[in-house]
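Enquirer: Note that the protein sequences, when read in sequence, are chains A and B.
Quick note on numbering: full-length UniProt numbering labels position 51 of the first sequence as 51, and the sequence is numbered without any gaps.
Quick note on numbering: full-length UniProt numbering labels position 199 of the second sequence as 199, and the sequence is numbered without any gaps.
Hints were generated in silico from the structure; no laboratory data involved.
It is possible that part of the hints are untrue.
[To be verified] Below, computed lysine-lysine pairings styled on DSS-like, alpha-carbon distance capped at 30 Å:
| id | chain 1 | residue 1 | chain 2 | residue 2 |
| --- | --- | --- | --- | --- |
| 1 | A | LYS88 | A | LYS63 |
| 2 | A | LYS63 | B | LYS455 |
| 3 | B | LYS299 | B | LYS497 |
| 4 | B | LYS299 | B | LYS455 |
| 5 | A | LYS56 | B | LYS419 |
| 6 | A | LYS56 | A | LYS31 |
| 7 | A | LYS56 | B | LYS299 |
| 8 | B | LYS408 | A | LYS31 |
| 9 | B | LYS287 | A | LYS8 |
| 10 | A | LYS56 | A | LYS148 |
| 11 | B | LYS287 | B | LYS73 |
| 12 | A | LYS148 | A | LYS63 |
| 13 | A | LYS56 | A | LYS85 |
| 14 | A | LYS63 | A | LYS164 |
| 15 | A | LYS85 | A | LYS164 |
| 16 | B | LYS299 | A | LYS8 |
| 17 | B | LYS408 | B | LYS321 |
| 18 | A | LYS31 | A | LYS8 |
| 19 | A | LYS63 | A | LYS31 |
| 20 | A | LYS63 | B | LYS299 |
| 21 | B | LYS287 | B | LYS321 |
| 22 | A | LYS56 | B | LYS321 |
| 23 | A | LYS8 | A | LYS56 |
| 24 | A | LYS56 | A | LYS88 |
| 25 | A | LYS11 | B | LYS52 |
| 26 | B | LYS455 | B | LYS322 |
| 27 | B | LYS299 | B | LYS73 |
| 28 | A | LYS88 | A | LYS164 |
| 29 | A | LYS11 | B | LYS274 |
[Stated by the list, open to error] Which residues of chain A face chain B? A few of them, derived with a C-beta cut under 10 Å, are:
| id | residue |
| --- | --- |
| 30 | PHE21 |
| 31 | SER29 |
| 32 | GLN47 |
| 33 | PHE58 |
| 34 | GLY62 |
| 35 | PHE64 |
| 36 | LEU83 |
| 37 | GLU84 |
| 38 | TYR86 |
| 39 | ASP89 |
| 40 | SER111 |
Heads up, the beta-carbon is just placed ideally off N, CA and C, and yes, glycines get one too.
Residue strings, one per chain:
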Amino acid sequence: MNSAEEEKLIKACRSGDGSAFEALYRRFSAKMMAVCYRYCHDRDEAQDLLQEGFIKVFEQIGKFRGEGSFEGWIRRIMVLTALEKYRKDRRVRESRYGSVADLQGDMQPISSDDIYSQMSFDELVGMIQELTPAYRMVFNLYVFEGMKHEEIAEKLGVSVGTSKSNLSDARRILQRRIEKVMYDLN
Amino acid sequence: MADFDENEFDEGFRRVIEGQGAEPPPSAWANIRVAALERQLIRYQSAALWLKGIAGVLAVLLGVTGYLLYQAKSEPTEPLAMATPESKRNTVFITRTERVFVDRPVIRYVERQRPESKSQRLNSDPNPLNSNPNQSTQNNYDRNVTLNNPPDGANKIIGLSNNKKVLDPKQKTADGGQESTRSENLVDRKPDSNLDGKTPAETPAIDGPRGGKGTELATTSAEAEQKAAPINLNLLTAQPLLTSRTLSMPRLRYRLPASLLPKAPKIRIPLSEKLSLSAYVSPDWSKVDVRRDEADAFKYGDEELQAGIVAGIRAGLSLSKKWSLLAGVEFGQNTFDDGNKRLILNAETIDGQTAYFYRTALGTVGIPSDLLSTPVQPGDVVGLEVHEPIQRWVLNLPLSLRYDIWQKQFLLLEKLPLKFTVYGLLGGYAQLPLRQEGVVEIYEDNGREFTGEVKNFRNLRPSYGINLGAGAELGFARHISVFVEPNYSQGLSSVVKDMPLRTSINGFGVKFGARWEFGKK
């Protein structure tokens, strides 16, 4: 879809055209579902997040000014929706999850190429989903959204130190699990 | 952890995950659509709740305003009371040389204070401005003249001015001890003391100072008039003068004190002069608000109204200087469609009739069975396409209160007087559906396709709503003015019935029209 078509689609959505909303959903749902997977613990949760996110997209499409890519704007809405959900369910989630077993022991260095060549999308997403919500959120925001610790701390309502510590822990846990997978493969 | 390269690690994740997609389950879109509609429904319902509240408040305000207006109109108008009796001196020539000065009361009316109780009124001076301490002359304030009937049949004037002391009819004069009547202001002449006791035939009409014994009438100078004392006036002889038009004197008659008088008649403007008639036309941009009560309703009802037109006439009744009541009749026409709608219709039996029913947010219509090649059986299916908007005609009956907020009169080019008025409108309306019809394309199972007209929409019903607006009016002739009136209307009840959804219509329009005022001054 070129930018002219995208613009036309946005215009149709703004005018309340139902079929344009459906076209927009078909166009971006797969990519957004991948984003939602990273922020959620399982598929059902991701689907709920996707649904909530797209409703917000439909409601707020009039606010899109055309600055930056439309896909990026939708993605931001998905991430903000995930953050909202995280803040709302924080207490419940913190009590449900949390393991520090994977933080013990020494780590072997893993290169980007190792991960790229030996790990699949589903495996890596599955590993991220297995993280505790706090680790998962910090990891996602830092690695994929490119946020700084100050910004993450502000959005999550934690200290910068906690953000850094959570990111470090998340990396350790993921590395341990990747090592296990790679060891099993080898 | 020394060998652990964080950037390498993060980059590995980004390379694998970024840009990838994961197809959501097929049901996801249906869920999103239903969730969005449900949210919309909740929003509409809460908006409707607010609107109901606002409508309630407006209704109360309208009621209070109407009550106050009614009360203001029906409040008894206080009788106009003469506050300061003033007199105007008329000179009446009896002969060429004889003249009489008559003080004719000039009655000036002022609004009285709030009425006291009847007993208070009876016990108090009806004229609060009357300074005359002589209670015997207090009741003459309405015309300032009281007529008594003396025993001899002659009328006696006690006084024309209540500002001056007047003798009581029964009071004896100091010199003769006889019953006398005197008027200080009616006739300014020197006193005469020799007339009492004479018969009317013997008595000249007016006695005054004279050289002889009342046979000559002395010429009075202005100076003498000033010094002249009141003279007696035989009113039997003077009676023709009293009622004479020459004297321009009010007809003498006995009147009750004002406090006992019936209320002074109000100045009434004839109803016909309070009326006005307007004709207008307005573009209409209406919108459909659908509130769904059941899940079935989410399957249809996405129609949208397109711009239409409204034309109407209305009559106005002026209630006061600023308020007027407007009522009229409007014809509205617009269209609705759902843009290239394609539907599969299942045969249904409604009210004993098996047919294909096309459901919209603005009513349901059956596909005429005579257009179909085979009789409709329950379970049969046809395809339907709507390519053209469906026409819709309605009749509105608006009723509004108009309040003139600001007025200015000016001359155009120093010649043409113009009157500019800015006003506000608030009211309600009833809407009656008149007709709905459109063209649909039907695809039968056997491959036959045809185009047919659908009318006779069912489930329609009268609805009501509120409207408010503001207008600017320019009067450029004695009776004619033109106006522009932006207005907004909000339907408060559904235009359809017996459906799992409720449809209300809100709209915006700008009326352009002309008004004829019957009684404009």
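Enquirer: All the hints need checking, so say for each whether the structure fits it.
Expert: Hints versus structure:
no.	hint	in the structure
1	A:LYS88 <-> A:LYS63	holds, 25 Å
2	A:LYS63 <-> B:LYS455	violated, 41 Å
3	B:LYS299 <-> B:LYS497	holds, 17 Å
4	B:LYS299 <-> B:LYS455	holds, 22 Å
5	A:LYS56 <-> B:LYS419	violated, 52 Å
6	A:LYS56 <-> A:LYS31	holds, 16 Å
7	A:LYS56 <-> B:LYS299	holds, 22 Å
8	B:LYS408 <-> A:LYS31	violated, 64 Å
9	B:LYS287 <-> A:LYS8	holds, 23 Å
10	A:LYS56 <-> A:LYS148	holds, 25 Å
11	B:LYS287 <-> B:LYS73	violated, 40 Å
12	A:LYS148 <-> A:LYS63	holds, 26 Å
13	A:LYS56 <-> A:LYS85	holds, 13 Å
14	A:LYS63 <-> A:LYS164	violated, 33 Å
15	A:LYS85 <-> A:LYS164	holds, 21 Å
16	B:LYS299 <-> A:LYS8	holds, 26 Å
17	B:LYS408 <-> B:LYS321	holds, 14 Å
18	A:LYS31 <-> A:LYS8	holds, 20 Å
19	A:LYS63 <-> A:LYS31	holds, 21 Å
20	A:LYS63 <-> B:LYS299	holds, 29 Å
21	B:LYS287 <-> B:LYS321	violated, 36 Å
22	A:LYS56 <-> B:LYS321	violated, 52 Å
23	A:LYS8 <-> A:LYS56	holds, 20 Å
24	A:LYS56 <-> A:LYS88	holds, 17 Å
25	A:LYS11 <-> B:LYS52	violated, 33 Å
26	B:LYS455 <-> B:LYS322	violated, 46 Å
27	B:LYS299 <-> B:LYS73	violated, 55 Å
28	A:LYS88 <-> A:LYS164	holds, 22 Å
29	A:LYS11 <-> B:LYS274	violated, 52 Å
30	PHE21	holds, 8 Å
31	SER29	holds, 5 Å
32	GLN47	holds, 6 Å
33	PHE58	holds, 6 Å
34	GLY62	violated, 15 Å
35	PHE64	violated, 17 Å
36	LEU83	violated, 19 Å
37	GLU84	violated, 16 Å
38	TYR86	violated, 19 Å
39	ASP89	violated, 19 Å
40	SER111	holds, 5 Å
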